[in-house]
Structures are given as structure tokens and as C-alpha cells.
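2 protein chains.
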Amino acid sequence: MRPPTPFLSVDRSRVEANVRRVAGWAADRGLALRPHAKTHKSPDLAAMQLAHGAVGLTVATVGEAEVFADHGATDLFVAYPLWVDAERAGRLGDLAGRVRIAIGVESPEAAAQAGRALAGRPVDVLVEVDTGHHRTGVAAAEAGRVAEAALRAGLSVRGVFSFPGHSYAPQGRAAAARDEAVALAEAAAGVRALGLDPVVSGGSTPSLAHSDASALTEVRPGVYVFGDAQQWELGACTADEIALTCRATVVSRGPGRFVVDAGSKALGADRAPWATGFGRLLDDPEARVVQLSEHHAVVECSSPPPLGSTVRLVPNHVCNAVNLADRLWVTEHDRAEDPRAAQDQQWVSWAVAARGRKA
Amino acid sequence: MRPPTPFLSVDRSRVEANVRRVAGWAADRGLALRPHAKTHKSPDLAAMQLAHGAVGLTVATVGEAEVFADHGATDLFVAYPLWVDAERAGRLGDLAGRVRIAIGVESPEAAAQAGRALAGRPVDVLVEVDTGHHRTGVAAAEAGRVAEAALRAGLSVRGVFSFPGHSYAPQGRAAAARDEAVALAEAAAGVRALGLDPVVSGGSTPSLAHSDASALTEVRPGVYVFGDAQQWELGACTADEIALTCRATVVSRGPGRFVVDAGSKALGADRAPWATGFGRLLDDPEARVVQLSEHHAVVECSSPPPLGSTVRLVPNHVCNAVNLADRLWVTEHDRAEDPRAAQDQQWVSWAVAARGRKA
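These protein sequences, in sequence, are chains A and B.
In terms of this note's numbering, the first sequence opens at residue 1 and continues consecutively.
In terms of this note's numbering, the second sequence opens at residue 1001 and continues consecutively.
None of these hints come from the bench; they were simulated from the model.
Check before you lean on any hint, since a few could be wrong.
[Said to hold, decoys possible] Here chain B is said to cover these stretches of chain A; the calculated rule only asks that three of the stretch's residues, wherever they fall, bring their Cβ under 8 angstroms from a Cβ of chain B:
hint : segment
1    : 3 to 11
2    : 141 to 155
3    : 188 to 199
4    : 265 to 278
Beta carbons: idealized from backbone N, C-alpha and C, even for Gly.
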């Protein structure tokens, strides 16, 4: 029995196809795959990724690492330049007692702080490199200097990493991958000059297909498991690969428009400057969510569905939509509902076990 | 002991001042106050509002109504044009057995559906009127026709309501209140023509001060309890009235900018076209969040704080920030942290009991 709308529905067969395809792609190129689990926050999905050859998981927070460690993950990378205060040092130390764990670092000051706070607990670090996204990370030429500071602070330096987030731009995917390859190669050289053999970790879902396997040793895509409207619009997935939608009920209807009972509290409010709306409909590629509030999405389309019917919305950014749900509702082959047989699909649910673990 | 960053911190004395001020304002004008609990989702805060004279609570979903009924609320209005299917009819019927409950309706079709599904269970309806926001609701002239359909469907019609959401615009607050007064007066006349004595319910936080007490009988502001960057920028609250911030740690720092460990998964991603950023700093009114991702906010300001220090971010839209938290961390007089005494505030926590209850 499915829950009331709005809820997130997952097509299991599409998820598995996405997991298999990217695992095969990475294996063919000799790249380690360490998928970002912040997208799904789901132990069920992590298990599927690990079963298909992922070397471990990427997470964004210590709290996410704790959840996945509790559910059997054994190799976790917190791909974030944490400020390791005493509280986080204690939790990282606990994790280090039961899994292989690494964190990001991007300044000599943060490396010194982490070294002091961790006091020898076996937590590796990777130096974050800014390869063009201009969020966090050091310039490639500085990576060696940060690695040296980390070594001086008593930390074990595993390698370098980046998030080429400027791949989230029309026609930006290949260029972001090229920027990443050049910058990470330079950063890795700086670390090799210290006598180390670094992991070189990059990759985002939009840039993934363009990744340079001669520069990288590891990739960390996240969104590829589900896809979303952003990936669809960037050309990083097809509509047929989108494996998660938000089921919502039509509560209002007029010429050329309708309103459903899912808003920013179900879909998230993400909207990139280049996005064509606040979300889309899987079953009507011309339709757009043109207005979004907490519990309303206003959709413009040529043929509004009847009041009371259910539609499948594609969130702009699936990571934030998942983070708003306690469970994902999973069916083997999800499909648009036949109003005469709306309840005939078989559903199971997966816990979004790391929902809200933002610290 | 406070939790690790990012977390939502609440200044209890400011919340109480906001609750008292608006309760007094409504009482002075003879308006019933039915605050929207979707903002705080907190039984502790609802109890404070009710203790200061609120006649009941507004909620957005049946799930929120269930949570507040479980915590002692006795009069609840789901201010949303629900499509009442069998599942929701059953839950509304259960609620009607223990609290006074009403829902919104905006079409003859939805009224007929609700009448059939509820089958006599005592759930009142209020007709939603579009007073200029153009989301849901009927034109004022149609309200009588929808009320008549509801009566024919066996429903008890309590009144008319609107959300003047076009008050969320620079210089739009007073005009939205005027639009609302005119439209709701016309809609109420249509309902009075059926021999009823309607509740006339309106109001949003930005338009509240301009509400026309001769046209309305009830107001339903929500955000006023906390304030947020949107209200600050609209002039609907002062910085001194902002009672909720997101505490976040500086993880990266450069000339004129820094990055903290709170992103869209802590603050929400809301950004109105007129907003000056993705959020602000309470203690530096010139600073702006210029870039937001899931776990990063990039802040531009003239004097970046030190790495590892804690700042107080003001979310753009507090309702969505609260919906991302399991608990609110409450202190009597919140203040910028003194790095030499960061832990000297006393904290309690309030459960965000209706978090995620979007159905």
C-alpha cells in the first residue's frame, strides 16, 4: 500500500540500471568508484552500490558517516573540509575504531587543528583542490603545502580531491572535467614531491562521462543513481534514466495550468539560473513547475490532468528532495498511474536513514 | 550543552516578545488570531501562542493537524484546498472526533468530492479566495457559488479565507492587504447571501500590519514568531526581532569571503527574485550569502571571522529552515558567541514535532 501524496517514488529497476552502468564505466577505465551517499542517504542503496563494486562511500558529514558505518559500510570519506573541534574529533575517533575513514582539509590552519584534536587517532586526510567551482579548496599549486602542513600535524595524507561543481552549467560538463584533470594532476604532483602516492579523487555526475582516467584514480558521483531535472536539462541523464519522482495530487486546475500538493517541503527549492522551472513532469516533458511554495507547485502545461489525479514530478535537485523524506517508496517498474488501477503497484520502502544528519 | 554546528538556535525572549506583540495587535483590533504553525511545527511554541490568546492554530496538512491535536490543540484549520480522498477522509474523520477541524475548498468539484468522502463527518470548510497571489483560490465573485456547492455536498461552510502571498514583494505589503480586504469582503458577501455568517480569514506576516479589521474577522500570520531574512528585507521585522538563526562554523576563509558548514540542507534554498542573497548574518548586516550548496554557504563581507569560529546565519525563509531540523535549540537571550566563553549559554531544545508531516 502506498502512502498519501506527496511522497517520493523510486523505480528500483532504473536505479539498478544506473548503478550498474556507472560501475561498469568506472571498472572499464580502471577508476575506483566511491559514490556520494548524500544523494540517497539510504543503506539499501549503499548496499546495492557496494555490491556492484564501489570501493567505499563518500559522505558530506560526520553524522552521515556514522549512519552508514552503523549499516555496514567499512570505508568512508567525508569529502568536506571539516573544522575538527573536540566534539568532531571524538566522533571521528570512534569511527576510526570501526571503519577506514578519511576527511577533507584545505588549509594549513585546519590541518594543524585536526592534528591537535585527533591526537593520533587514525583518520586520513585528502587535500581539497579548487578546480574551478570556487567554493572551497586550495589552488592546485598550494596542495603540496597543505599536505606538508598535514604531515607536520601528524596526519596521514591519502591524496587530493575536488568537486568540479562548475560542471552544473549548460555546455560546461566537458570543460569542468578538463579543468579538474589539469588541476588535480598538478596538485597530485605537489603531493608526490613529498614522497607520497596520492589518491586522486574527482568527478561529479555532470562531468563524469568526460572524466580523464589518466589524471584521476577515483570518482565520486552521487546524483547518477536517481537523476533529476537538473541532470535531464544538462544532458547528463535521459528521461528514461530518471528513477525518482515525487507523486503529487492535483488540487487545483485551470486553463493551461494546475496545482499539486507538493511544494518546496517535498521537492526542495533549488533552482539554478539556467533551469527552466522549479521541476518538471516525467510524463509530460513540455510541462514546467513555474511557481513553488511550501505545499504548492504550479505547473503550466497544455493538457492539465483532472482534479484528484496523481502526477510524477521530477525535482530539480534530487539530493535535497530526498533529504526532506523519511522514506523512499520503491516499486520494481514505476509508471504513470492508470486512474482505473491506481493501487495496483507493489511498494516497499527504504529508510532515508541519514536524513537530517547535517552535523 | 549545545549540539555541533549547523543547528538552529532560538532566542526565547524574542519569540515571546513577537508572540505577545502580535497577540496584542490582534486583540486591539478585535481580530481573532489563528497563527500558522507550519512555521515552527513545535508544540512548545503553539502552547505559547495559545496561552497568549490565539483562538486556534492554522496548519498546512492533515499530518500537521494530527501532530498538534496529539499535543493538545483543540481547534485546527488546514488552510489548504485538500483533495479529500478516502485516506484523508478517514484521518479527517478521526480528527473531527477529538478537535474542532476545518479545511479549505476552492472548487465545486473538490467540494462534491469532500462531501462524498467525508460522508457527514463534522469537518467544516472555508472557501479559498484568490486575492492577488494567483496560486490557488477562486475569484471573489465565485466564492458564493463554491459555498453553495459545498452546502449541496452536505458540508458545513464556516467562511472564506485567503493567503495574500503577493505581500512578499518590495513595496507590496500594503497593496496586498488592500487587495485582500476588497476581495474577501466581496467573497464574504456572496456567502452571506446564502444566509451564513462567515469567518473572514486572511493575513500574512508581511501584510499583517496593514490588515483591514473592518473586512476581516481573523488573521493567520506564521513567520512573525521568528522573522527571517525575507521579512527583514521587506521591512516586516527588524534585526532585533529576529529570533531564530542557524549557528554555523567557519571552515574556509579568504579576502572578503568565508564559507560555513551550513548550506541548503540547513537553511533551505529559498531565494525570492528580490532577495539580496541566500541568507544573511545577524551580527553583520552588510554580509550576504552569495552562493549556497548543500553543506556550504559562501558569505561575502568586509571582515571575515576566523577559521573555526561560529556565526549566526539568518535563513531567507524560516519555515523551510525549521522543516530541515529535528529540534530547535533554545536559549533565553541568544547572542553572538564570545570565543573565550562559547559554551556559557544554557540551552534547552524544542522538538520540531511536525517536521516532514507533508501529507
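Hint-by-hint comparison with the structure:
1. 3 to 11: Holds: 5 residues of the segment 3 to 11 of chain A have a Cβ under 8 angstroms from chain B.
2. 141 to 155: violated (count 0)
3. 188 to 199: violated (count 0)
4. 265 to 278: holds (count 6)
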